[in-house]
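Asker: Sequence:
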Amino acid sequence: MTAQKNDKFVYHNVEYSIVGFNNDEPLDIASLGIQPTPVSTGCWRGYVAEYAIANNSLVLDGLSVTIWANDEQQIIGPEINGISPTGPNTEFDFFTSHYRGLSYPLAYSGKLLLGNGFIRDLYDHMGFHASYKYEHVVELSFDNGLLINETDRSEENAALRQTIILADKRKLGSSDTIDDIESYVANSFSRSFTELD
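Residue numbers for the sequence shown, in numbering that gives the first Met the number 0: 0 to 196.
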């Protein structure tokens, strides 16, 4: 397994990774008429989204996605919000379409956890990295796309980090069952979180 590419969120001119959400993901990519194809072990979803706040509302600002018509032919994605994508940036770019400056409004209701300052010593070569692996964690609350609250969750995540480090985070061993392994993998690829308040 491989660590996954995180969605990005630019907030107050700082780039964060989206490390959790308490509802569905903010983007339903199928609603854009796009069916991504996974072509890298580092991006099983086949896309990476970039979000921002515009006029106090959540927008999809960028998108990098891989689309294949069949096993041999790459295709460029459709126009989104009046923006056509560009193709791969380099010879080794596995995304077939890159969108920038979309300002595509999202009517998302729920909370997002944003992480900045990843702690390299906590790197795990599996799934998405949890919020406690970041120095700075911000929780943003949205109602139908409108930003309604911001809460700094750095202290709670620092406490959780210490608890996990002191407990010497559980590793899979030879006595684990198939159910244990499947649960571990599923949790590694999930970014959903439980309410902290």
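The hints are simulated quantities; they were obtained by calculation from the structure and are not laboratory data. Small disclaimer: the values here were computed from a predicted structure and weren't measured. Idealized CB from N, CA, C, for every residue including glycine. Among the hints, erroneous ones may be present.
[What the hints assert, rightly or not] Ranges of calculated distance between the beta carbons of each label pair, as one might list FRET restraints:
(1) E149 with F117: 17 to 23 Å
(2) L121 with E149: 21 to 27 Å
(3) N54 with I75: 28 to 34 Å
(4) E78 with V38: 21 to 27 Å
(5) D151 with L121: 32 to 38 Å
(6) F117 with I74: 32 to 38 Å
(7) N21 with N54: 19 to 25 Å
(8) N69 with S102: 31 to 37 Å
(9) G81 with D142: 32 to 38 Å
Asker: None of the hints should be skipped; say for each whether it holds.
Answerer: Cross-check of the supplied hints:
1. E149 with F117: 17 to 23 Å: holds (21 Å)
2. L121 with E149: 21 to 27 Å: This hint holds: roughly 25 Å between Cβ atoms.
3. N54 with I75: 28 to 34 Å: The hint (28 to 34 Å, Cβ to Cβ) holds, given that N54 and I75 are roughly 30 Å apart.
4. E78 with V38: 21 to 27 Å: holds (22 Å)
5. D151 with L121: 32 to 38 Å: For L121 against D151, whose Cβ atoms are near 20 Å apart, the range 32 to 38 Å is violated.
6. F117 with I74: 32 to 38 Å: holds (33 Å)
7. N21 with N54: 19 to 25 Å: holds (24 Å)
8. N69 with S102: 31 to 37 Å: For N69 and S102 the Cβ distance comes to about 33 Å; the hint holds.
9. G81 with D142: 32 to 38 Å: Between G81 and D142, where Cβ atoms are some 26 Å apart, the hint is violated.
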